[in-house]
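Undergrad: Whole structure, please, built from the sequences with the hints as guidance.
Listed here are the chains, written in short residue letters.
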Amino acid sequence: GENVEQHPSTLSVQEGDSAVIKCTYSDSASNYFPWYKQELGKGPQLIIDIRSNVGEKKDQRIAVTLNKTAKHFSLHITETQPEDSAVYFCAATTGAAGNKLTFGGGTRVLVKP
Amino acid sequence: GAVVSQHPSWVICKSGTSVKIECRSLDFQATTMFWYRQFPKQSLMLMATSNEGSKATYEQGVEKDKFLINHASLTLSTLTVTSAHPEDSSFYICSAVRVGSLNEQFFGPGTRLTVL
Numbered sequence: 046g047e048n049v050e051q052h053p054s055t056l057s058v059q060e061g062d063s064a065v066i067k068c069t070y071s072d073s074a075s076n077y078f079p080w081y082k083q084e085l086g087k088g089p090q091l092i093i094d095i096r097s098n099v100g101e102k103k104d105q106r107i108a109v110t111l112n113k114t115a116k117h118f119s120l121h122i123t124e125t126q127p128e129d130s131a132v133y134f135c136a137a138t139t140g141a142a143g144n145k146l147t148f149g150g151g152t153r154v155l156v157k158p
Numbered sequence: 187g188a189v190v191s192q193h194p195s196w197v198i199c200k201s202g203t204s205v206k207i208e209c210r211s212l213d214f215q216a217t218t219m220f221w222y223r224q225f226p227k228q229s230l231m232l233m234a235t236s237n238e239g240s241k242a243t244y245e246q247g248v249e250k251d252k253f254l255i256n257h258a259s260l261t262l263s264t265l266t267v268t269s270a271h272p273e274d275s276s277f278y279i280c281s282a283v284r285v286g287s288l289n290e291q292f293f294g295p296g297t298r299l300t301v302l
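If you're matching them up, the sequences are chains A and B in order.
Just so we're on the same page, the numbering used here is the position in the first sequence counted from 1, plus 45.
Just so we're on the same page, the numbering used here is the position in the second sequence counted from 1, plus 186.
Simulated from the structure, these hints should not be mistaken for lab results.
Incorrect hints may have been included.
Here are the simulated lysine-lysine pairs, DSSO-like style, with alpha carbons at most 27 Å apart [as the list claims (entries may be wrong)]:
| id | chain 1 | residue 1 | chain 2 | residue 2 |
| --- | --- | --- | --- | --- |
| 1 | A | K145 | B | K227 |
| 2 | B | K200 | A | K145 |
| 3 | A | K102 | A | K67 |
| 4 | A | K87 | B | K206 |
Computed list of chain B residues with no C-beta within reach of chain A, every gap over 12 Å [what the hints assert, rightly or not]:
| id | residue |
| --- | --- |
| 5 | D213 |
| 6 | D251 |
| 7 | N256 |
| 8 | P295 |
Among chain B residues calculated to face chain A with C-beta under 10 Å, some are [what the hints assert, rightly or not]:
| id | residue |
| --- | --- |
| 9 | M231 |
| 10 | S236 |
| 11 | C280 |
Built from N, CA and C at the ideal position, the CB exists for glycine as well.
TA: The following block contains the structure:
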């Protein structure tokens, strides 16, 4: 089955700097890669996603890149703000089994003011 | 749009009792819902896939007789933890895939279960 690895597990950045989180996946049939932000005590919130037919997607300060050949995708947050502090999860799915997601281990991001 | 609710948001119960958690998609229909369990500082662990009108599919190692799942309509799935014990204490989260969408999965706010 699919395996998703996420790095780093923790990331501390200064406010205004950029943050980058990287994920690798094992199943070449995976075609949908969402990113979720989870704040303490809350459920994950979908912040951006990318499909296998594109290499990059951007939404304001957030961007995701996908390299299908290398089987890795990354989340980029620019101009970080304290409210960006949270745990971020990457995930992948082939669309099978009702679109069952395989999650990475998560990255705890701390933005220092 | 794409709002998923869970009820209750937290529950404390005595060991041996059963607890029901509801997951609703408020503004869309979902033929598939998922139930996850999350321990502190860990990733989400998929427990089961809930399909409207059919039996749930459980992940390996998840006891289907302990975690009963019912998906009675296109907007409601329930998880019942039967004969709960302290080791069942956890954060339970559901998600729903919007009918007609391409894979997009939206999560509920989670339910904190504490078994005394």
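Undergrad: Can we trust that D251/B is non-interface, i.e. its beta-carbon lies farther than 12 Å from all of chain A?
TA: Per Cβ check, D251/B is outside 12 Å of chain A; nearest 22 Å; holds.
Undergrad: Is K87/A within 27 Å of K206/B, Cα to Cα?
TA: Holds, because 19 Å separates the two Cα atoms, which is no more than 27 Å.
Undergrad: Quick one, is the M231/B hint okay against chain A at 10 Å, beta carbons?
TA: holds (9 Å)
Undergrad: Keeping to a limit of 27 Å between CA atoms, is the pair of K145/A and K227/B held or broken?
TA: holds (22 Å)
Undergrad: Restraint: S236/B near chain A, CB-CB cut 10 Å. Satisfied or not?
TA: holds (9 Å)
Undergrad: Over 12 Å from every CB of chain A: does N256/B meet that, or does the non-interface label fail?
TA: holds (16 Å)
Undergrad: For P295/B, is the shortest beta carbon distance to chain A beyond 12 Å?
TA: violated (5 Å)
Undergrad: Are all C-beta atoms of chain A more than 12 Å from that of D213/B?
TA: holds (15 Å)
Undergrad: Measuring from the C-beta of C280/B to each C-beta in chain A, is the shortest one below 10 Å?
TA: C280/B check passes; min Cβ-Cβ to chain A is 8 Å, inside 10 Å.
Undergrad: For a C-alpha distance cap of 27 Å, please report whether K102/A and K67/A respect it.
TA: holds (15 Å)
Undergrad: Given the hinted pair K200/B and K145/A, is their Cα-Cα distance within 27 Å?
TA: violated (33 Å)
Hint check: violations occur at hints 2 and 8; the rest are consistent with the structure.
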